[in-house]
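Given the sequences, and given the hints that come with them, work out the whole structure.
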Amino acid sequence: MRINHFASDAPSAADFPVDESLLTQDFYDAVNGKWADQATIPGDHASTGGFMDLADNIEHTLMHDFSDLLAGKLTPANPEMAEFKKLYGMTSDFAQREKTGTAPLKPWLAKIEALKDLDDLSDHLAEWHRLGLPVPVGVGVEPDMKDTSRYALYVDAPDLFLPDKTYYSKDNPAAKQLMPIFTQTATKLLEMLGYEHAKATTIVEQAKSFDAQIAPHVKSSEEAADYVKVYNPRKLADVDAKVSALDLTGAITDLLHDTPETVILPQPKFFDAVDDIVTPANFEAIKSWMLVNTAFDATGLLTEEYRQVGGTYSRALSGKKEARSQEKAAYYLAMGSFSQVVGDYYGRKYFGETAKRDVHDMVVKMASVYQNRLKTNDWLSKATREKAIVKLQKLTIKVGYPDKIDPLYAKFKVDTTKSLFDNLQGFSEIILADHFAHWGKPVDRDKWEMSASTVNAYYSPTNNEIVFPAAILQKPFYSLDQSSSANYGGIGAVIAHEISHAFDNNGAQFDEFGNLNNWWTEADLAHFKDLAKAMINEFDGIPFAGQKVNGKLTVSENIADAGGLSCALEAAKSEDDVDLRAFFINWGNVWRMKATKEYMQLLLSIDVHAPAKLRANVQVKNLADFYTTFNVQPEDAMYLAPADRVKIW
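full-length UniProt numbering numbers the first residue of the sequence shown as 1 and each following residue consecutively.
To be clear, the hints were calculated from the coordinates, so they are not data collected in a lab. No incorrect hints appear here.
Dumping the calculated DSS-like pairs for lysine-lysine here, alpha-carbon to alpha-carbon at most 30 Å:
(1) Lys-199 <-> Lys-111
(2) Lys-99 <-> Lys-321
(3) Lys-208 <-> Lys-116
(4) Lys-106 <-> Lys-418
(5) Lys-269 <-> Lys-552
(6) Lys-146 <-> Lys-375
(7) Lys-597 <-> Lys-176
(8) Lys-146 <-> Lys-404
(9) Lys-594 <-> Lys-548
(10) Lys-328 <-> Lys-73
(11) Lys-387 <-> Lys-573
(12) Lys-106 <-> Lys-328
(13) Lys-85 <-> Lys-106
(14) Lys-146 <-> Lys-387
(15) Lys-269 <-> Lys-229
(16) Lys-621 <-> Lys-34
Computed beta-carbon distance windows for the label pairs:
(17) Leu-160 <-> Ser-428: 19 to 25 Å
(18) Asp-403 <-> Lys-170: 50 to 56 Å
(19) Gln-633 <-> Lys-404: 54 to 60 Å
(20) Asp-297 <-> Lys-235: 28 to 34 Å
All C-beta atoms in this analysis are idealised placements derived from N, C-alpha and C, irrespective of residue type, glycine included.
Here it is in structure tokens:
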């Protein structure tokens, strides 16, 4: 496999030798301990290590390239890149942003202030959705999970101020630290927007009151991780009756130019309670909630002081010591609006068509290994096994970058006579108009949900597709300098991980077309659920960062990790130059991460992935080859009795 790849400034695995004495006691520390001893988390980061090192390297490279773009040393490759250049010029013009001040946001606050009552809000509900202003009932057009060839309308609850509903319990210590910081940040932002201190204080307290009323009726991250339970079809008329203070049907008809008979409620409990929350008595609290959300949404779009103050709360959440530099903030703000345009540039310059084909072939090979494993599976019935193989054969593979830039970006025209805020607001309205215009049209399965410059990969159950952006296809995941076994322990395991998502506790309930459809026999499904429970139990309650891992929250990713690592191991063993030590060592390298305690605790509450260290350590214990490779004995800390080892795929 020969692909282009960056030379990273980050130290390689070879720069930090493995601590042989720890391999059988703490595998992750054996591989990464010497690195962790010298690693420093940058002040504007919550973490450093594997994934973040790649992201930092791409940031450095693209900021250098786009500096040349602004200076005229680099010619835009297409009209979309020319518009990106204009926006990047505006985000980087700090003097003009200071001169403009906070004035562009004030008309939007005035629109909210002018609302007289809930009837008035109801009359403006469709307009509010088109403008992207915060409202207490959200609507969105997404593929119908039962028929992914067409779109359905999803009607949902709003987001909370704190990261998860579990933070609202009286005994949650994090909330006691975070809510005062949120309060101070919100109050200061409103004061910077011209509100007197007393008025700002009242608005924030009212907003928090409304937020607290929402919290008991929405899903926790653990509950939301059960993806299938998002699908709760209801008659629109019945949902509208539950939201008696707002004309939901009228707003939806205005937005879609059509009136759906059925809508999907991801969080039906919220709608059972909404009539007790969205009430005339709560109207001022709702307005205040809208004002606070609008003030936060403008963080980064106005003055430097507004950006610094507005980021205080999010930095407290993650443990970051400082905000990004102005230069980095300008880059990310411009790139965020033109993410696929930047990704197209990155993919074509630093990845290329040859690499795209080569990696596609590697994915096909991993899928073939997976198919053989399904054929020889010893617990699936013939009927279920055949359906699983059909699903795998129908899997869509996307590698590197899209063949063309999403046509949406051609609509983004930067007007340098307007403020940065107004330009970005205009882009937001274009995006929302495009989003609602999907209604009644076929689902576009060619669309990418990630930029090629994003260090990540994903499986979409509703598209039955796996996507590998160019950015992840480099060292330590993949390199010409690494053995085939090391590459299988890196990118091979990632590829097989994403394939495994087609058969995790969520993905397994979608068929080869991406439709929510049970294709399992009753006995096979029951056995699979027992295996999933074993994976839950393997991780649940493990102490980490002063808290404990939630096995239910992380089960889908843990199933995918287990399947991915096992499948990649089999592929590595098929090569003539197999080196299982290199395979496992690079698996450990991939999960190298040093993070703030605040960030680790935040992830434990909301992230469907287990902590990186545990992803490295726990999964290898399930594989017999790990024990023979490192001579792990029953008295060693890395030993797990054969009866307790979890094997699903």
